[in-house]
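**Q** Sequence:
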Amino acid sequence: MNGLGLVVVAFLVLALAYRLYGAFLAARLFALKADAVTPAVAHEDGKNYHVTNRYVVFGHHFAAIAGAGPLVGPVLAAQFGFLPGLLWLLVGAVLAGGVHDFVILVASIRSDGGSLADIARENLSRLSGGVTMVAILFIVVTALAGLALVVVNALAESAWGTFTILLTIPIAMLVGLYMEVWRKGRVGEASAIGVVLVLLAVVVGAWVHGSPVLAPWLTFTKPQLSIAVAAYGFLASVLPIWLLLAPRDYLSSYMKIGTIGLLALGIVIVNPELRMPAVTQYVAGGGPIIPGKVWPFVCITVACGAISGWHSLISSGTTPKMIPRETDALFVGYGAMLMESFVAVMALVAATVLLPADYLAINVNPDRWEALGIVPVELEHFSQLVNEDLAGRTGGAVTLAVGMAHIFSKLPGMGHLIAYWYHYAIMFEALFILTTVDAGTRIGRYLIQEVAGKVVPRWGDINHWPAVVVTSALISLAWGYLLYQNDVTSIWPMFGVANQLLATLALVVGTGYIARHAAKRPWILVTALPAAFMAATTLVAGWSNVVDNFLPRGRAGDVNGYVNAGLTAIMMACVAVVLVDGVFRITRTLKARWT
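First residue of the sequence shown: 1, per my numbering; consecutive thereafter.
Where hints are given, some of them may not hold.
[Unchecked claim] Heads up, simulated SDA-like pairs for lysine to any residue below, C-alpha to C-alpha not over 20 Å straight-line:
| # | residue 1 | residue 2 |
| --- | --- | --- |
| 1 | Lys222 | Asn153 |
| 2 | Lys184 | Ile171 |
| 3 | Lys454 | Leu474 |
| 4 | Lys410 | Gly261 |
| 5 | Lys293 | Lys222 |
| 6 | Lys184 | Leu243 |
| 7 | Lys293 | Leu551 |
| 8 | Lys520 | Ile171 |
Because the hints were derived from the structure by calculation, they are not lab data.
Go ahead and model the full structure; you've got the sequences and the hints to work with.
**A** Okay, structure coming up:
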């Protein structure tokens with residue numbers, strides 16, 4: 001099997017879904033109106049509510065939702081072979097993920113920019129609203145730690161990568177000032193300047209990497225990077241949205257879409273052979289990366305590329321406070337999810353062009369190689385070419401970067417630039433992830449302020465400076481602690497389950513909203529069917545994680561195993577409560593409306 005076939009199939013399926021199913025959702029299910037007043041228009045304050053160009057909103061939204069999941073999830077799921085991941089990416093994104101994102105975005109816009117908890121409270125009950133709030137806080141902390149871990153593993157001991165990512169912060173602030181202060185409205189000029197500067201940062205990074213003076217100052221260990229990434233999350237949450245978060249996400253979207261487009265073009269030209277089989281022996285369980293069976297763990301591992309509860313926080317967080325017209329919800333909500341699915345397909349192709357032994361050698365710690373019989377074939381050669389030690393760089397990010405660099409280096413005249421392509425890919429991945437971290441930290445801050453505001457009303461004001469600083473510090477410290485204390489084999493399974501549990505919860509809330517507002521009763525199946533599937537998938541996976549992964553770690557002396565088991569159990573309990581309450585409330589609503 002070759003990569004070109006997967007690219008063509010994915011593009012056709014996703015394009016047809018947007019034109020057909022997306023049009024149904026926008027015109028028939030919700031009847032979106034271009035002249036409806038959005039929260040950004042009604043509450044414009046230049047800080048948290050800000051009317052923004054639809055393409056900039058798309059860039060922000062896409063950058064915020066497309067974190068580690070669409071890049072790392074398919075890479076890790078390649079352990080099962082390329083076919084299970086591909087099927088779930090396409091079917092899941094069209095029928096579950098895109099619907100999930102779009103429904104919650106529309107519900108938030110029509111609820112004055114309300115959070116997911118607000119929507120649950122309004123369309124289900126006060127009980128569901130309160131439990132949703134608790135679940136979201138736990139899941140945000142878990143998800144941010146899981147996403148940030150991928151950046152830490154990719155940048156550890158790499159001066160080149162760290163320098164490039166560090167420089168994107170002042171570049172983003174420069175673009176923000178350019179678009180909002182110096183040359184307001186000149187989006188094209190600011191974009192061109194920002195993209196050129198980011199590309200220069202990658203090139204200059206090679207010189208920094210080779211500098212005996214600068215390289216030691218920019219080479220950090222994983223614990224040091226864990227602290228630095230948490231500090232960045234705090235900074236992005238505190239500063240005005242237009243100064244760092246929005247322009248950085250917007251710039252990142254250019255890099256992301258451009259890179260994925262280039263990767264797709266590279267796959268078309270090179271047409272690389274997929275050296276990973278369609279299905280491997282690990283579909284029945286026992287794999288070195290994911291020990292469980294293909295179901296439910298292919299859904300949990302692929303995560304964001306098919307459906308992600310994280311997206312519901314963005315769709316009911318920053319995006320509805322920026323979107324200028326209600327009709328843009330289809331382009332931003334459903335469209336961005338399908339774009340993310342395409343990104344995930346590209347990541348899957350990049351991972352599966354590697355030989356299975358090399359794929360495993362990167363994603364499994366070297367001390368386990370002998371037991372698994374892993375004998376790398378091309379790994380040492382790749383390490384020499386990119387000037388980095390690639391063995392045992394778990395987490396998926398390095399695997400993806402190697403696969404992308406391998407494809408790019410096959411393009412005419414590009415073979416001698418493989419080190420630049422590798423570090424460009426690392427920068428691309430880190431940008432993807434950090435834009436989710438900054439938006440997620442801000443959303444976590446909103447949630448804590450919402451809770452605090454019920455006790456001290458002044459602290460519920462998202463512009464109250466003392467509250468902003470304190471709550472931003474609290475959320476950053478919480479996920480920073482988990483990041484500092486855990487590794488990929490504990491954080492990623494917990495993140496995957498937590499993320500998909502939140503998606504289940506959001507689909508139940510969305511079903512409640514549709515039950516109250518849809519013109520026809522059968523239309524609740526749009527969210528009810530994927531909600532039922534995700535409930536079964538996530539609860540089974542969560543139970544397996546607790547019993548087979550976290551509790552054994554705790555009994556072996558790792559106290560974090562008990563912490564992770566407790567967090568997972570709390571999140572599962574919250575979703576179960578909302579699921580039961582939701583079925584009762586939705587049934588009662590349907591009877592009241594159609595009997």
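**Q** If a hint holds in the structure, say so; if it doesn't, say that too.
**A** Hint by hint, here is what the structure shows:
Taken as a hint, the Lys222 and Asn153 pair is honoured in the structure, with Cα atoms around 7 Å apart against an allowance of 20 Å. For the suggested pair Lys184 and Ile171, the alpha carbons sit about 17 Å apart, so the restraint of at most 20 Å is met. Taken as a hint, the Lys454 and Leu474 pair is honoured in the structure, with Cα atoms around 17 Å apart against an allowance of 20 Å. At most 20 Å may separate the alpha-carbon atoms for a hinted pair to count; Lys410 and Gly261 meet this at roughly 16 Å.
As the CA atoms of Lys293 and Lys222 are separated by approximately 31 Å, the hinted pair breaks the 20 Å bound. Pair hint Lys184 plus Leu243 holds up; C-alpha atoms about 13 Å apart against a cutoff of 20 Å. At roughly 19 Å between alpha-carbon atoms, Lys293 and Leu551 fall within 20 Å of each other, so this suggested pair holds. The suggested pairing of Lys520 with Ile171 is violated, with an alpha-carbon distance near 49 Å, which exceeds 20 Å.
Of the hints listed earlier, those the structure fails to meet are numbers 5, 8, in rising order.
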